[in-house]
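Working from the sequences, and respecting the hints, build out all of it.
Numbering (our numbering), first residue to last: 90 to 407.
Read the hints as simulated data drawn from the structure, not as lab findings.
Remember, predicted model here, so these are calculated numbers, not experimental data.
Pairs of lysine-lysine, DSSO-like flavour, derived with a Cα cap of 27 angstroms: (1) Lys182 - Lys198; (2) Lys327 - Lys395; (3) Lys338 - Lys398; (4) Lys182 - Lys163; (5) Lys379 - Lys335; (6) Lys327 - Lys379; (7) Lys335 - Lys395; (8) Lys341 - Lys395; (9) Lys398 - Lys335; (10) Lys398 - Lys341; (11) Lys338 - Lys379; (12) Lys327 - Lys341; (13) Lys264 - Lys235; (14) Lys379 - Lys395; (15) Lys338 - Lys327; (16) Lys338 - Lys395; (17) Lys341 - Lys379.
Label-pair ranges, simulated between beta-carbon atoms: (18) Lys235 - Lys163: 26 to 32 angstroms; (19) Glu368 - Val396: 24 to 30 angstroms; (20) Asp232 - Glu207: 32 to 38 angstroms; (21) Ile128 - Ile103: 28 to 34 angstroms; (22) Gln391 - Val330: 18 to 24 angstroms; (23) Pro200 - Val164: 20 to 26 angstroms; (24) Lys338 - Glu402: 15 to 21 angstroms; (25) Arg296 - Asp195: 38 to 44 angstroms; (26) Lys395 - Ala328: 20 to 26 angstroms; (27) Ser270 - Ala328: 52 to 58 angstroms.
Where a beta carbon is used, it is the ideal one built from N, C-alpha and C, also for glycine.
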Amino acid sequence: MALVDEVKSELAAIDDELPAAKKAQAAAMIRFGGGLHLIQRHIVVESQFDSLAAAQWLQRTIQEVYGHEADLIKVARKTPTGTVERYSVRVLKAGGALALQSGLLDRRKRPVRGLPAEIVSGNIAQVKAAWRGAFLAHGELSDPGKASYLEIVCPGSEAALALVGAARRLGITAKARQVRSSERVTLRDPDVIERMLTLMGATRTAREWSGKRNDGEYRGKANRLANFDDANMRRSAKAAVEASEKVQKAFKILGDDIPENLRAAGQLRLDHRDASLEELGRLADPPVTKDAIAGRIRRLLQLATKVEKQRAEAEQNQ
Numbered sequence: 090m091a092l093v094d095e096v097k098s099e100l101a102a103i104d105d106e107l108p109a110a111k112k113a114q115a116a117a118m119i120r121f122g123g124g125l126h127l128i129q130r131h132i133v134v135e136s137q138f139d140s141l142a143a144a145q146w147l148q149r150t151i152q153e154v155y156g157h158e159a160d161l162i163k164v165a166r167k168t169p170t171g172t173v174e175r176y177s178v179r180v181l182k183a184g185g186a187l188a189l190q191s192g193l194l195d196r197r198k199r200p201v202r203g204l205p206a207e208i209v210s211g212n213i214a215q216v217k218a219a220w221r222g223a224f225l226a227h228g229e230l231s232d233p234g235k236a237s238y239l240e241i242v243c244p245g246s247e248a249a250l251a252l253v254g255a256a257r258r259l260g261i262t263a264k265a266r267q268v269r270s271s272e273r274v275t276l277r278d279p280d281v282i283e284r285m286l287t288l289m290g291a292t293r294t295a296r297e298w299s300g301k302r303n304d305g306e307y308r309g310k311a312n313r314l315a316n317f318d319d320a321n322m323r324r325s326a327k328a329a330v331e332a333s334e335k336v337q338k339a340f341k342i343l344g345d346d347i348p349e350n351l352r353a354a355g356q357l358r359l360d361h362r363d364a365s366l367e368e369l370g371r372l373a374d375p376p377v378t379k380d381a382i383a384g385r386i387r388r389l390l391q392l393a394t395k396v397e398k399q400r401a402e403a404e405q406n407q
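And the structure:
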């Protein structure tokens, strides 16, 4: 089961909320899951979900809290990637009454395009429940190890702005954005996502998501460090080989006319071609620092370059 499905299962299992919170969640699920439809001048409430547990929660709440019968219908839809199963909760006969009771129709029987005002300005339990309902209806959550996001696809800009306002009341900054033809409300910061999951009631999956994300970050950091160390080793090995070739050339140019300390440093480089400068310094007799051995090899190469240049100038003058 994908982690987003686990979140929805955990949220749908919450059943000890106050009636006002239950109503807020139900209204958000209806609004973000589909909403109101007018069929032959008759209002029908219908919402679709990818979670069976979410659909069952809404069906049960409509019956228990609002007193209306609701049908639960399994809908299979073929897509290029295979068959997708969704679950539709439909209220036919009492659709208009449910729309009024849930606040999705105002007193003048006009559709409310965002969320009912009594929810957005209600108590914190209602605000949390509204976010929970919106997520159950159309929420998405990134898998741990990927770029972090929690996102809700909204039925319109009014619903997106209502959700942003509700998040603000919870102390969370959410961003509304348009992606192609859909309005979305998005959270990106991992700590904010974990907090929102907890506020909605998915405490167990919030910990699981955060734990897996941290594990992924630690593995990624370890891999980056390993790659960094490997690259450093390759660069060091390449530099050592190049230095050995230069020392060998310097010995040919200078012959026996080399100061003993420079000769000893150069010979160490030739005898231990894969060793680091620090290791060469420890191998010297007596041991010297990395900077000292590097300085001696550098002076050896400079001396060879100077002698080679003098010989070239002497040949030109002859």
